[in-house]
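Visitor: Please model the entire structure based on the sequences and the hints provided.
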Amino acid sequence: MSQGDLRAGPFTHEKSSIARTMSLVMLALLPATAFGLYQFGWPALFLWLATIGAAVATEAACLRIAGKPVRPFVLDGSALLTAWLLAMTLPPWAPWWIGAVGGVVAILIGKQVFGGLGQNLFNPAMVARVVLLISFPLEMTTWVSPKPLFSAEAPDFLSALAITFGGGFNIDSMSSASILGHVKTELGRSVDLAGALAGSYDPMGLLVGTVPGSMGETSALLLLCGGLFLLAMRIISWHIPLAMLGSLALCASVFNLIDPAHYPNALYHVLSGGALLGAFFIATDPVTSPVTVRGQLLFGALLGLLVYVIRTWAAFPEGVAFAVMLANGLTPLIDHYLRPRIYGRTRKGQPISYAETQEGGNG
Amino acid sequence: MRASALKLFRIRGGVHPEGRKQDTCDQPIRELPLPPLLRIPLQQHIGAPAQPEVRRGDHVLKGQLLATSQGLISAPVHAPTSGVIKSIGKFPAPHASGLPIRTITLEPDGEDRWIDLDPQATPLYLEPDDIAKRVAAAGIVGMGGATFPSAVKLGLRERFALHTLVINAAECEPYLTCDDRLMRERAHEIIDGIRITLHGLQVNKALVAIENNKPEAIAAMAEAAHAFDEISIVAVPVRYPMGSEKHLVQTLTGKETPARALTADIGIVVHNVATVRAIGEAVRFGRPLISRVVTVGGGAVREPGNLLVPIGTPVEVLIEACGGLCEEPAKLLSGGPMMGQPLPEQRVPIVKGTSGILALTTAEVASKPTMPCIRCASCVDVCPCGLLPLEMANRARNADLQGAADFGLMDCVSCGSCSYVCPAHIPLVQYFNYAKGALMEQQRAKHKQEETKRLAAARAERMERIAAAKREAMAKRKAEMAAKKAREAEAAQAAEADDAAAEPTDAPNSKLAEPQVGT
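Respectively, the protein sequence lines represent chains A and B. Heads up: the first sequence begins at 1359 in this note's numbering, then just goes up one per residue. Heads up: the second sequence begins at 97 in this note's numbering, then just goes up one per residue.
Think of the hints as simulated: they come from the structure by calculation, not from any bench. Any given hint could be a false lead.
Calculated pairs, DMTMM-like style, for lysine to aspartate or glutamate (alpha carbon to alpha carbon, straight line, at most 25 Å) [as the list claims (entries may be wrong)]:
id, chain 1, residue 1, chain 2, residue 2
1, B, Lys-117, A, Glu-1372
2, A, Lys-1706, B, Asp-477
3, A, Lys-1373, B, Glu-423
4, B, Lys-532, A, Asp-1363
5, B, Lys-103, B, Glu-319
6, B, Lys-580, B, Asp-594
Short derived list, chain A residues pointing at chain B, Cβ under 10 Å [to be verified]:
id, residue
7, Val-1645
8, Pro-1648
9, Val-1651
Every residue, glycine too, gets a C-beta built ideally from N, C-alpha and C.
Guide: Printed below as a string of structure tokens:
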């Protein structure tokens, strides 16, 4: 019997731990990741490993420098998950150093300089993605069409090594635009939407994931499955994903109704780019999202709006990373103003009063 | 019994800890043989400790008064059996601190002979105040763990317009089944206690709230309450902390108790089910509260069960009676695992508020090292009080007591739901208890300082007043002296004048002296 420990109870605990939470999120990511790795082959796997390796090594080094225990924090899986999420958003055939730089930036600048686990204001994976996108626009927007593993067109192990660690690949012959990028470019050239979408917009392909895009963002269906799994396991709640996708779909529908020639519909926005990955896996990052239900609904709605605004009118075809960071910045403000009502008090914090005469007094 | 189609209301948050009641809920209550020594603390209740009425070496009878209650909020203590007072001294308290408190040690003589009791065959014809008096004299306190003197609650009818008595039989803490067993085996005694309590409160409606994981208890109680329209048995959903009185009242009525107020403010008094049974025993049979049912459980106990135990029995005797320990427990607790207290050692006694003794294994405690908060908001979701535990803990940890209070610290009921779900295993309740204690300490210090200031100012003012009064008195005396002198002079002059009447030549002198009178 531990006589020394007189800490207050409870002396029983739900089966929960940070490592368990992180593991379940990774489990939820697994189908989409596995499919992405299969679609884009060895180079994608190498990039994924490079990103994770760099992030975990940076985490360990930072913990050592900060004098914190290395083992429990590395084993909690948070750095691994951050890197994993980042890798999901990278062009699958990007050179290894894109992943490595991203991994270092995510952990070092995105997380550890704020004080480590739980302290960061912005989602570390999105910090890294934004840094990479601004610093290396070419590498970060060079997409390939899926070349499933072991298929005829897929690079073998050795040529994959060359793609990731060597001189890259022949951009002219292999590259292919993502649907968001393609539409943006075409609309920019004053081609109308129908023309831009013709031959490139394939909702079924977006759903299954047989389209060019980031490593883990292409299969809407598998991401949705992962998200539903997290909901079922109560790792995330429905508020942020639903509010975000709902607000994105609403914005898209409104503008699509106003001018269908220039504004794609809701389905296009929800299925393409990082919308689903963002809604279920990134916006729901507990550290950087509000803690109350009302705050989460506001946060999600705001996020959906920002994604739409950035995708539609800003210089970048994809808006999730920027939108997430902007919304993250508002989280402290949202948490400050939107608090739950305390039992026995009004929303303003005054004790409830039953001014109307009570039904009592029959004693 | 009224058909219990009562509409129930949902409470916010809450958790569903594993019940773990199956080891003890089917074990009938066993009466524990008298232990060789009883240790009876003089403070087994909230309020002032009782004052001993016996001396070392005295022979006492079962039910005899050992110590009287002191002040408004206090409770007397009675002898659980007949025997000899071995000592009145200090003994470790059944509290996490294990600090020594005043305790009477009684050596049973084995005869278990009752003192002459004062039964009351028709308790429902007593004056309500008499019921409160009898309950006070029987030393009855809240047996659910809060140990608030029950007589004080019976007196609430004087200050509030009461309309409902709620019997808390939720027993939402895991492991504990003592109330469940009591309801299955002693339903009629409980119903009798409820009727007496209703009379004592002058209220004509009682709701007995039982979590619906106790179907046998619900059936037994419904059967026993059958003849009484004023008593309804209500099955409430299983959710911790259903047994928190304010949340139970909300479940039953949909009404929240205003912050910093009592349930009596909304017309409701809540008593624990074992407490009303004790009230019945005390009023009808004159028996003071000298024993209670205790659940002995946990994975480290060989044969868990429910025991009827004299107050003052050492914990080790209970564990021994349940087959002893099969492994070294990771935690020894008094009460349930959610809100119970860790016990410092096995020698400490059972008191009126001890509902359970749990010896938990490491696996049951499921303690893990604390990690940083990841703001997952699990604590916010489960908080039944609508608080932000993570923000409160963050401030308490940095000794920002006011900050924690601004986030509603004093509205926290310490139910532990937040700590129970926290994936980072942060000891949130520990932080809150610390901050509440420190805040109260601060308020006491502030109050003391203000009182000191007020008293000092009052003293200065009083001194000033005394000085002023002295000055005034002095001036008055001076004036009186002067007046006296003047009068004397006048008298002298008058005398002289009388003389002058004989000798008129002195008259102008007296005129000159006249103005001096006013000075």
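Visitor: Determine for every hint whether it applies to the structure shown.
Guide: Quick rundown of the hints versus the structure:
1. A threshold of 25 Å between alpha carbons decides the hint, and for Lys-117(B) with Glu-1372(A) the separation of about 17 Å falls inside it, so the pair holds.
2. Distance check on the hinted pair: Lys-1706(A) and Asp-477(B) sit about 20 Å apart at the alpha-carbon level, within 25 Å; holds.
3. Taking the CA atoms of Lys-1373(A) and Glu-423(B), the gap is near 23 Å; set against the 25 Å cutoff, the hint holds.
4. For the hint linking Lys-532(B) to Asp-1363(A), the alpha-carbon distance of about 20 Å falls within 25 Å, and the restraint holds.
5. About 21 Å separates the Cα atoms of Lys-103(B) and Glu-319(B), which keeps this hinted pair within 25 Å; it holds.
6. Proximity of Lys-580(B) to Asp-594(B) is assessed by CA-CA distance (about 20 Å); at most 25 Å being required, the pair is judged to hold.
7. Look at Val-1645(A): its Cβ gets to within about 5 Å of chain B, closer than 10 Å, so that hint holds up.
8. At about 8 Å, the closest approach between the beta carbon of Pro-1648(A) and any beta carbon in chain B falls short of 10 Å, and the interface hint on this residue holds.
9. For Val-1651(A), the shortest C-beta to C-beta distance to chain B is roughly 8 Å, which falls under 10 Å, so the interface hint holds.
Comparing the model with each numbered hint stated earlier shows that all of them hold.
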